[in-house]
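Produce the entire structure from the sequences given, and follow the hints as far as they go.
Line by line, the protein sequences give chains R and P.
Under the numbering used here, residues 313 to 919 are what the first sequence spells out, in order.
Under the numbering used here, residues 313 to 919 are what the second sequence spells out, in order.
None of these hints come from the bench; they were simulated from the model.
Since the structure is predicted, the reported quantities are computational estimates derived from the model, not experimental observations.
Hints should not be assumed to be uniformly reliable.
Said to hold, decoys possible - Per the computed footprint, the stretches of chain P lying under chain R, defined by three or more beta-carbons under 8 Å from a beta-carbon of chain R, are:
hint: 1; region: 573-587
hint: 2; region: 644-656
hint: 3; region: 738-749
hint: 4; region: 763-769
hint: 5; region: 777-788
hint: 6; region: 812-824
As the list claims (entries may be wrong) - Here are the simulated SDA-like cross-link-like pairs (lysine to any residue), alpha carbons at most 25 Å apart as the crow flies:
hint: 7; chain 1: P; residue 1: K783; chain 2: P; residue 2: N916
hint: 8; chain 1: R; residue 1: K822; chain 2: P; residue 2: R717
hint: 9; chain 1: R; residue 1: K638; chain 2: P; residue 2: S849
hint: 10; chain 1: P; residue 1: K638; chain 2: R; residue 2: G733
hint: 11; chain 1: P; residue 1: K638; chain 2: R; residue 2: T761
hint: 12; chain 1: R; residue 1: K639; chain 2: P; residue 2: V749
hint: 13; chain 1: P; residue 1: K822; chain 2: R; residue 2: F758
hint: 14; chain 1: R; residue 1: K655; chain 2: P; residue 2: Q718
hint: 15; chain 1: R; residue 1: K812; chain 2: R; residue 2: E714
hint: 16; chain 1: R; residue 1: K639; chain 2: P; residue 2: T759
hint: 17; chain 1: R; residue 1: K639; chain 2: P; residue 2: D757
hint: 18; chain 1: R; residue 1: K766; chain 2: P; residue 2: R717
hint: 19; chain 1: P; residue 1: K822; chain 2: P; residue 2: I640
hint: 20; chain 1: P; residue 1: K784; chain 2: R; residue 2: E643
hint: 21; chain 1: R; residue 1: K812; chain 2: R; residue 2: E656
hint: 22; chain 1: R; residue 1: K766; chain 2: P; residue 2: E820
hint: 23; chain 1: R; residue 1: K751; chain 2: P; residue 2: E637
hint: 24; chain 1: R; residue 1: K655; chain 2: P; residue 2: Y725
hint: 25; chain 1: R; residue 1: K685; chain 2: R; residue 2: R477
hint: 26; chain 1: R; residue 1: K766; chain 2: R; residue 2: K812
hint: 27; chain 1: P; residue 1: K655; chain 2: P; residue 2: K685
hint: 28; chain 1: R; residue 1: K766; chain 2: P; residue 2: R663
hint: 29; chain 1: P; residue 1: K766; chain 2: R; residue 2: L683
Claimed, not checked - Here are some, though not all, of the chain P residues that point toward chain R, as calculated from beta-carbon distances under 10 Å:
hint: 30; residue: Q641
hint: 31; residue: I705
hint: 32; residue: Y755
hint: 33; residue: D757
Glycine residues also receive a C-beta, built at the ideal position from the N, C-alpha and C atoms.
There are 2 protein chains.
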Amino acid sequence: MSRATFRVSCDRFPGLFEFGVTVDVWQHTGILPPRVTCALIRKCGAAALRTLDERRSGVRASRVSGSPPDPPPSRPPAALGGNSGKGSRAARRGGNMFSRVKSAVVSFVGGVMSGPHSADHANAADQPLRFPYRRPEFLGLSADEVECSADHMARPILILKETRRLPWVTGYAEVINAGKSAVNEDQACCEVLVVQRRSGSCSTPSRTPTAKRRSSLPNGEGLSLRENLDSEGLVFHYWALFDGHAGSGAAVMASRLLQHHVVEQLQDVLEVLCNLAVLPPTCLGEEGLHETLVPHRSLSRASSLRGAAGAPGSPCAPPPRFFSEKKIQHESLVIGALENAFKEMDTQIEREKAVFNISGGCTALAICYLLGKLYVANAGDSRAIIIRSGEVIPMSTEFTPESERQRLQFLGYMQPHLLGGEFTHLEFPRRVQRKEVGKRMLYRDFTMTGWAYKTIQDEDLRFPLIYGEGKKARVLATIGVTRGLGDHDLKVHDSDIYIKPFLSCCPEVKVYNLTQYEHGADDVLVMGTDGLWDVLSNEEVADAVTSFLANCDPDDLHRYTMAAQDLVMRARGILRDRGWRITNERLGSGDDISVFIVPLMYGNRQP
Amino acid sequence: MSRATFRVSCDRFPGLFEFGVTVDVWQHTGILPPRVTCALIRKCGAAALRTLDERRSGVRASRVSGSPPDPPPSRPPAALGGNSGKGSRAARRGGNMFSRVKSAVVSFVGGVMSGPHSADHANAADQPLRFPYRRPEFLGLSADEVECSADHMARPILILKETRRLPWVTGYAEVINAGKSAVNEDQACCEVLVVQRRSGSCSTPSRTPTAKRRSSLPNGEGLSLRENLDSEGLVFHYWALFDGHAGSGAAVMASRLLQHHVVEQLQDVLEVLCNLAVLPPTCLGEEGLHETLVPHRSLSRASSLRGAAGAPGSPCAPPPRFFSEKKIQHESLVIGALENAFKEMDTQIEREKAVFNISGGCTALAICYLLGKLYVANAGDSRAIIIRSGEVIPMSTEFTPESERQRLQFLGYMQPHLLGGEFTHLEFPRRVQRKEVGKRMLYRDFTMTGWAYKTIQDEDLRFPLIYGEGKKARVLATIGVTRGLGDHDLKVHDSDIYIKPFLSCCPEVKVYNLTQYEHGADDVLVMGTDGLWDVLSNEEVADAVTSFLANCDPDDLHRYTMAAQDLVMRARGILRDRGWRITNERLGSGDDISVFIVPLMYGNRQP
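In structure tokens form, the structure reads like this:
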């Protein structure tokens, strides 16, 4: 064995990505060690993998010639460890050679590749793509650059070019997975948008969105932060990350369209939102009535409540005399707009799947800044934190089979037909065996967080709706994330049991009042896909970012992108020993990793 | 007007309760001021009220003669303010005089009395009581003392007599409401219990509880804190508060029986619990198999997962080769035992309602100390906090129509028949009127925390499932608390719509590792019904308790009861001006108030 350190960069795209790698080089030893497999694939396999996968998914990209590597000896499944992919069920599909190559990659990175999912989308291959595969528009990559970045072995870290600038000089960096899927299934979007007044009145809004996207220029420079509502409309800033699974179609589509759904929802409430002096009217077009209401004279008794407005039991009740009226804040309208935007986005994917090939699903983490507040909408297992004076403020929570267990079990209990007679809504610590019928086994129901023993019966032999722990937890033995967009035709393998009813497209929205605080140059919001957070804690991220920024020139507008690059590097690690390694010899992330670092001080002034 | 200060005490029970009151005495002024009404009722009304209510509820108590007061002029409902009762729908029922008396009381205390609910229990009056009404057993009150304590005007604070002592010298104090219900619907229990081994084996447990209650003696003294599992069994300490509504039956029953359900559930896992050296076996009676499992070789792919044990799609799959097994901690078994104990208690109430009169429902807050940990199980809107070194550690969260809105709406959406065609699962800021059909009104669905506008349609004219804000929020226009025991026959007024499906008897259980910390004499756990927390914040309670205890002799074993009395006094306030007033001229609580103060230093040593 010999050790060698390489400086890796791409001659065709100098400055775009480069990094150092220390590699131990082994001789062939009978059973091919994973690192040698990777070296082989690195030479010619990545392009081959991509070519194969493109053919299936319909992704158009220039093909690179190259013969596949000698297939390495297949390894027993028991050797598979580490993170499994969210769409891992497809790992068995595909050609034999392809599978084996993937298997080797998987052995190396501790992950499972998601495949083309042709079985789930029987007709999808015949349909045109809704959008071609791409990397985030703001990176401004050519097709060749996109292809070069998708090297599962080198895993180059892509950053924003120095000539490009995002709103608020937001920093961005990303890296592809180590073989889990052929393409990087993360997607990102960062724009400044304007919600314009509709031509019609507010109470009879036109359904035609008239938003104007102001940052559709590849280079975001020159954008000025205007008054919240100028003659053009309401300006808002938007950052979003999407983590795709079982295909990149939903993630690409959501990264292109979700912001327009947000615009459309905000348009519905534009007039109300911009009239901060008055609380949003309960009913549009009857502000006159609203004025006559007696505030705080509310339901003090159920009887007055019920008598108030023809409530049940009093169908011919007189007009209301006393009733309460909940006061809704403007902030709640923005939250509602984001919630409904996610819903509309999901509905659009479902609708357009009838005519387009839109593969897979994706998580979505979208952040909007408007009217002085940051709104963080999260559906999935990405995460956003604010780092203020070095302290962490969590701005999202993750939605996983474990965190949503009780909701999912409750649904399975209420609608047992969704389980297709093959799953049980009860949770057991492991699979129940037939010989255990009649014995007492630990279980928990949707009402429980603790565990108790129950006598096993025949129906308990069904597979548990929620099964596995941590990153390996699955819903219906299929999916490891419980909120997001797409996945409409995802089914349990070899069955007609749909996953979608258990998934939710509804985000949780948290609000941060940006104008309430003074922010320094090192106060930032960090958004990352789960690839980042799987290996770094909030505190590790905060420490890394804070110490990195402290060593930067405060006037360097590229510092946030450099900090994002540093973060991705820390999460991916370097290729050493038997895989990607990070601090303290821990395993780096083999997943796609995408990171935005948004400086907060620009909420109130122009960078 | 003249002002007078009275020292109030009860001659028949010296030392049991006494307090000072400053009263402004008015002349009759046409519209009778509430304070005069109260003075009248105080003279003879409380007994009259009680007599009337006893006749309906079947509570047996010695009757006190006395004629009802002159009915005060009825006040417009608009003047009703403050807290409304949980079972407020019954306020309209009952005789005219009775209603008017109650109305006056209500005007005074800002609450609504819960009535006898004869309509809900058509046959209940013919059935025997499951348990007679009482105050907590450990108070050791005679029937006369119970009656004297139920003075809605004087509102004497009942405390533990000096000759009595609870485990850990726990402090206790309570006060009756200011007219909301005829009797104090709060109940309490504090005991030391022993879970004994069943005669049979663990895998075939006998269903006969063999627990021995060790503190059934009126005087808890002499109890020794033994080894966790001595020859007798597993000793545990138990404190519980129950806040009844719409009758006292469920609260009284739960205060007598819940602890035995806990014992029975713990019996199921006794052997496992006391074997701390080994994690609880997944399946009882097959520890041998358990040993052969390969740990941490788990589902890395859905395929191996599904193939593992005859999962869907592979009915004839071979025996499992690779599967994960979740490791369950002992702590989770205690949590599960508490969760199932609540469920069994609720089931028993439902079952026995067939033959007994068990009126109303109740919240339940139960705390168990065993094996070095405090387990706080809460179903309802009572609250427990730990005060350690003056800092507050919340040990429960409240379950209300607002905090459980999304769960309730989701259920209404999934099972619309539960809404009887009269309610909508959507929430609106106020009642929708027919003339608003076609207009756009604010709403939110079960998926939303924000609000958006929707075009009102005919079905939106139905009454909202959740309606009202804060203490006035109601489920199905009927009940203001969403978890607890009982309420099986509670229906929406004049309808066949049952409330119970929307209520949950499942507690949330939080754990505090008592042995992990050193506790001083002023470190305590405070349990209180909502009457306490409605008017005092966690911090106010912590400040009050901490400063009170600091001024006590540390060796005075009565100090925790004195602190509890102080707390109840602070929450009830004193009778002044137009009602019960506390600090800063705020309104005191007109609700029943019950408080335990549990010193934590006795977890590891005998008081």
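Hint-by-hint comparison with the structure:
Given as covered by chain R, the region 573-587 of chain P passes the check, having 3 residues with a CB less than 8 Å from a CB of that chain where 3 are the minimum. Under a criterion of three residues with beta carbons nearer than 8 Å to beta carbons of chain R, the stated coverage of the region 644-656 of chain P is upheld, 10 such residues being counted. Interface restraint, the region 738-749 of chain P with chain R: holds (8 residues with C-beta to C-beta distance below 8 Å; minimum three). Taking a C-beta to C-beta cut-off of 8 Å, the region 763-769 of chain P contributes 4 residues in contact with chain R, enough for the three needed, and the coverage statement holds.
By the rule of at least three residues with a Cβ nearer than 8 Å to a Cβ of chain R, the coverage given for the region 777-788 of chain P holds, with 5 such residues. With 4 residues having a beta carbon nearer than 8 Å to a beta carbon of chain R, the region 812-824 of chain P meets the requirement of three or more and the stated coverage holds. In summary, the hint linking K783 of chain P to N916 of chain P is not supported, as the alpha carbons are separated by about 39 Å, beyond the 25 Å threshold. Distance restraint check for K822 of chain R and R717 of chain P: the Cα-Cα separation of roughly 18 Å lies within the 25 Å cut-off, and the hinted pair is therefore satisfied.
Only pairs whose Cα atoms come within 25 Å are accepted, and K638 of chain R paired with S849 of chain P is accepted, the gap being roughly 24 Å. In summary, the hint linking K638 of chain P to G733 of chain R is supported, as the alpha carbons are separated by about 24 Å, within the 25 Å threshold. Restraint check for K638 of chain P and T761 of chain R: satisfied, since their Cα atoms lie roughly 14 Å apart, inside the 25 Å limit. A distance of roughly 21 Å separates the Cα atoms of K639 of chain R and V749 of chain P; the hinted pair therefore holds under the 25 Å criterion.
Of the pairs offered as hints, the one joining K822 of chain P and F758 of chain R holds, with about 17 Å between alpha carbons and a cut-off of 25 Å not exceeded. Distance restraint check for K655 of chain R and Q718 of chain P: the Cα-Cα separation of roughly 17 Å lies within the 25 Å cut-off, and the hinted pair is therefore satisfied. A hinted pair counts as satisfied when its Cα atoms are at most 25 Å apart, and K812 of chain R with E714 of chain R qualifies at roughly 17 Å. Of the supplied pair hints, the one linking K639 of chain R and T759 of chain P holds, its CA atoms being roughly 20 Å apart against a limit of 25 Å.
Between K639 of chain R and D757 of chain P, the direct Cα distance comes to roughly 17 Å. Compliance with the 25 Å bound is thereby established for this hinted pair. Distance hint between K766 of chain R and R717 of chain P is unfulfilled; the C-alpha atoms sit about 31 Å from each other, more than 25 Å. A distance of roughly 16 Å separates the Cα atoms of K822 of chain P and I640 of chain P; the hinted pair therefore holds under the 25 Å criterion. Between the alpha carbons of K784 of chain P and E643 of chain R the distance comes to roughly 23 Å, so the proposed pair stays at or under 25 Å and holds.
Distance restraint check for K812 of chain R and E656 of chain R: the Cα-Cα separation of roughly 15 Å lies within the 25 Å cut-off, and the hinted pair is therefore satisfied. As the CA atoms of K766 of chain R and E820 of chain P are separated by approximately 21 Å, the hinted pair is consistent with the 25 Å bound. In summary, the hint linking K751 of chain R to E637 of chain P is supported, as the alpha carbons are separated by about 17 Å, within the 25 Å threshold. At roughly 17 Å between alpha-carbon atoms, K655 of chain R and Y725 of chain P fall within 25 Å of each other, so this suggested pair holds.
With a C-alpha separation of about 22 Å, the suggested pairing of K685 of chain R with R477 of chain R holds against the 25 Å cut-off. Annotation: proposed proximity of K766 of chain R to K812 of chain R is violated, straight-line Cα distance about 30 Å (limit 25 Å). Under the criterion of a C-alpha separation no larger than 25 Å, the hint pairing K655 of chain P with K685 of chain P is consistent with the structure, at around 22 Å. Under the criterion of a C-alpha separation no larger than 25 Å, the hint pairing K766 of chain R with R663 of chain P is consistent with the structure, at around 22 Å.
Of the pairs offered as hints, the one joining K766 of chain P and L683 of chain R holds, with about 23 Å between alpha carbons and a cut-off of 25 Å not exceeded. Against a cut-off of 10 Å between C-beta atoms, the interface hint on Q641 of chain P holds, since the closest Cβ of chain R lies about 9 Å away. Given the 10 Å rule on beta carbons, the hint for I705 of chain P is violated: about 19 Å separates it from the nearest Cβ of chain R. For Y755 of chain P, the interface hint holds, since its Cβ comes within 10 Å of a Cβ in chain R; the closest pair sits about 9 Å apart.
The beta carbon of D757 of chain P comes within 9 Å of a beta carbon in chain R, closer than 10 Å, and the hint placing it at the interface holds.
Hint compliance for this structure: hints 7, 18, 26, 31 are not met, and every other hint is.
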